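Participant: Here is how the chains run, residue by residue.
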Amino acid sequence: MALAIELTGITKRFPGVVANDDITLAVTAGEIHAICGENGAGKSTLMKILYGMQSPDEGTIEVGGRAVELASPAQAIELGIGMVHQHFMLADQLTVLENVILGAEPMLSFGRIDFAAGRAHLDEVGRAYGLDVNPDDLVETLEIGERQRVEIIKVLYRGARILILDEPTAVLVPQEVDELFRNMRELKAGGATILFIDHKLDEVLEIADTITVLRQGRTVGTVRPDEVTAGDLAEMMIGSELPTPDAGASTVTTEAALVITGLTVSDGERPVVDDVSLSVHRGEIVGIAGVEGNGQVELVNAIVGTETPQVGAITMLGHEVTHRSVRQRRDMGLSYVPQDRQRDGLLLGAPLWENTALGHQTKAPYSHGPWLDRSGMKERTGKVRSDFDVRTPSIDVAAHALSGGNQQKLIVGREMVAGPAVLIANHPTRGIDVGAQAAIWDDIKQARARGLATLLISADLDELIGLSDTILVMLRGRLVARLDPSEITPRDLGAHMTGAVAP
Amino acid sequence: MRSGLDRLPAWGRWMIYATIGVAVLTVVQGFDDTERLTAVTSSQAMLRWAVPIMLAGLGGLFSERAGVINIGLEGMLILGTWFGAWGAINYGGWWGLAIGVLGGALGGLVHAIATVSFGVDHIISGVAINVTAPGVTRFLSSEILADYDGGSITQSPRTPGVGRFTFPFLAGGDLFGWDTPDILGWFTRRDWFFVSDFTGLARGLMTQLSLTTMIAFALVPVCAWLIWRTRIGLRIRICGEHPVSGESQGINIYLYKYLAVIISGGLAGLGGAFMASPELSGIYLEGQTQGRGFIGLAALIFGNWRPAGIMAGALLFSYPFGVGLRDLDGSASHSLLLVNTIALAAVFVWALTKGRRVDAGLAAGLGLGAAVWYFTSSTVPDWWISILPFVIVLVVLVFFSQRLRMPRADGLPYRKGET
Amino acid sequence: MTASLTRRVVLASAAPLMALVIAVVLSSIVLLVSGSNPLEAYVDMIGHASKLETQVDILNRATPLYLSGVAAAIGFRMNLFNIGVEGQYLLAFLVAAHLGAQVELPAVLHVTFIMVVAMAVGGAFSGAAGVLKVTRGVNEVISTIMLNAVAISGLAAWLIVEWQAGGEISATGGRVGTQPIAASGLLSDINGLVETFTREITQGKKLTGVLLIAIAVGVLYNVGLNRTVFGFDLRASGANPFASHAGGVSPKRMVVTAMTLSGMVAGLVGMTELMNTGFYPSNPIAGLGFAGIAVALLGRNHPVGVALAALIFSFLDVSSGILQISGAASREIVVIMGGVIILTAVIAYEVMRRIREREEATAAAEAMAIDTGAAR
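Residue numbers (this note's numbering), protein chains in the order written: chain V, 1 to 503; chain C, 1001 to 1419; chain P, 2001 to 2376.
Where chain C lies over chain P, by a calculated footprint (3+ residues, C-beta under 8 Å):
(1) 2134 to 2144
(2) 2291 to 2299
(3) 2342 to 2349
These are computed hints drawn from the structure, not numbers from a lab. It should be emphasised that the depicted structure is a prediction, and the values quoted were computed from it without experimental measurement. Every residue gets a Cβ at the ideal spot worked out from N, C-alpha and C, and that includes glycine.
Sequences are here, hints too, so could you generate the full structure?
Facilitator: As structure tokens, then:
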């Protein structure tokens, strides 16, 4: 078979790091080719190079046997390459049609767009691949699965024959993944070549024809799925077995640390958290499973205190805190690891020692009364840095300089070092490398053994099942199932999350 | 979910709002025994004074649709007044407009360089432009205008204008030398309640209209068409909604941002040139813009980042000015207090039906205040007229801020290759 | 430690110096094109500024600019744009002048009373914009612009008519201003201080006592912002309101507080003029509010930086007078210089910020690379 893409000796350096180091990749036309590697292995950089969003410092790119220079996405698009980004590239306040035709607008005279022709072509593409969307919907009204379909249509609309899918399954539950894989097989049958980035090994083995593994910016090897096991792939990816979350023996006590009764949070029109009751005991990890957007964010906000519930009560360590401020709750021993570390966890432009104090600035050693204690802040930051293995040249650098994993370790560290009684951990290991991930799991387990009550919200079903003592499933704002993690598989959990199992 | 009114096209809705507005004015006028509220002079003055505000607002539209906040509109308007006057004096009225556009566009270019290429905060760059522009014009005046006959460091000699136009048939204008019938005038002379008020107002809007005013109003649909129906418009919009997505589709975001911000300056510059033309002042005078760039910005927000809305805002904001212009004793402007009361009563009813008790309470309080003021006085001071547009904007924002839909990426920094 | 401090100072001052150089070059070009000799103009400006009485003028002008700059800077640190300093200080000036003339108090109390009134008016007017922002979602840039008009063209225009001193009509028939404040309400000049240091007589120029208040405000600003928990909350909330909210800082409260504090300092801007003349004239010195924004930008919101920036702009203002007298160049050139300085400075700061970010990212990535794979 002819090669659709051949990359030779691709090297890309960023300040201080080599993201891609002499990478070689050969993709046969008409195959589904998976690129595997953990976070930070250089997958995304490589794909951006292939899509013309970044140019390599060294190396050659051949598309369809012809050497090419890709200076912009426009050129990649011209060569029939299309990319579906991990974070959807869709403008919320524009219609599906406008999003799709953007950059490839069918034209009339005087610079007018021929919307009718665009709509016809969009329908045609959608029909051909069984992708169903309404061109006149505003994107902000679509659900995640639909948005992903729009992204794929966008690429097909331009007649792309080579599709790059960047971690398309990250935001989907197992059932939605099935749907996506069906679409991918259909595309392949239609003659498309698909490059597929993923680090969930079972998915890769299921769908890919060929697998290339990257590690620390280098190509480790290219294999066929029938030649290897998931264990082999993990070995190639990180040089050892993939760490698995495992909570070990139960430490659950009978002492309730966080009790929520009948909690309802409304967005002004309807309840987004609907009559939720749960309790977390000292030494217990309670996991919340659910497709994103089913009220987890609002539940967490209500517990932390950034959102006010309409009905219900939150009791922490025996005191009702429903209407207390965030600061009062934190002073009582609440710690919080937010879902989006850059938005809700860090002051990106501020030095690490100020970031460590954030959320605890009213307490020693960060302050005495109204006065800040700078040396206390710095000293404590040094302790977090060494105890939680935050890799940084100094504690004076700004937080944005750290990698995602180290930012996350800093946040987990500052929340743990405060000696909390209750921890709200919202996607604590999202988007970080396996080393940091294992370290954070370890931190949570150790604190649990000391009696910490943890509410864990995660989209990583293995993490939920591995760490939790109990799993609650959240659907449309309600808790619909209470499951025992020792008896459940990710697939079953996914069925509960999508409502396929009647509660 | 959508009511009948929402299903109408924008222009249809605005027509209905306008009709209701005129009806209210007529009733108030009848009650208060004045004719100033719907007088032709009032409506003509409103129209003329709306132009710079509207053009500044349309300028802001392009910039903000491309994601660049432009509070430098005031400075660009000022550049427009100077360059417009200078161009008109040296090369004639039409050239004055063109050169005014260039002057404003120059300000836009500076804003684009700072915000787009260097990532400077949009507000900061805008303030810097607003502070610098008067200095530039003052310097240029001292170097150039001061040497003119009748010019000085703060003002220019009289500027020449461009032609005028009266609509044939409707307002009895000439058509190739034929003196057409004056249909609206006929109705107006009948003196029928409301109908004559309405036609009088409409006729006023169509009589002895400066060509520049016509061009300015024609720009409203042109801008709407450009932004919603053309490729350039779609690409400008993506810059303000989700630039990275545009980049990933191969669009040169910097190019369209530059284009939009320069157009923005150009439109504000045209507004400035208009101010210096005989339509409004007939000279360049230092400080003559009096914050109209800011009112334009307010019209942009009032109009929810849409051309028709901007026009409506500009007309609304210049209306008290139009009424106040010949209203020497302040009695007609005093009647406006009653109009304000009625408007606030409408907001009160609206808020009650939506179950917004806070809004209803606020509207009731403000409405009562206006009513008390109205019934306990017989005139209003002129300072009230001069700040009325700003007060209207504040009140509108207080009630409707949360319902506005600004472009999603408006004011956010963008750099190529960074997601 | 000292090496890194030196480096930091060099890095911090590189951008404004660059801006100054570019401004001088551009202004020279403008002057050359308009037929003046730039060198001659600069010699005149510097020669003028080297005289003690000019320096007193510069300090007198820099004092309100500094206060205005600090007012803007407080907003900026909270990521708020208080464009309304202009309206706040003029209204505060007017109300303080009027109320100050209505009371008779012992000297210290009288001055304090006037200052407190000014701060209260400025704070209330600015705080209103903060309240509108947090309760009604009205962007503070827009509301403060609108409130500027309400304050200046509305309230001040109205109140000056109500409060103008009875019967006093100036030669041109214009209104003179409010009733003069009794001597007990005026701060004395601090020429004595100057003469002690310089052993020179200030030749009839009076150095304003408000300078000392401005210095106190600067010290309070610095200590409050950098050394207290409140300052930490304010900076954190400005840098990232979401993260700070999760960290226990209510963004709404911080917005209202910051706007109010900013307005309180803005209220003091007019005090230099009031303490000098004793009344609110029909044409008070205007434009200080907008200039304050420029001063805060150039000074990077840093208490010392803002002071330097205030001195630079004040120097330019004062120099325009000598240019007109000497005829070396058009006096408006200084306005252009100011504008160019501010535009180039904000661009230069942005460039420097990017360079620093790159350096830090490189260092952090290197730290990662050194112990990659090392388990803890």
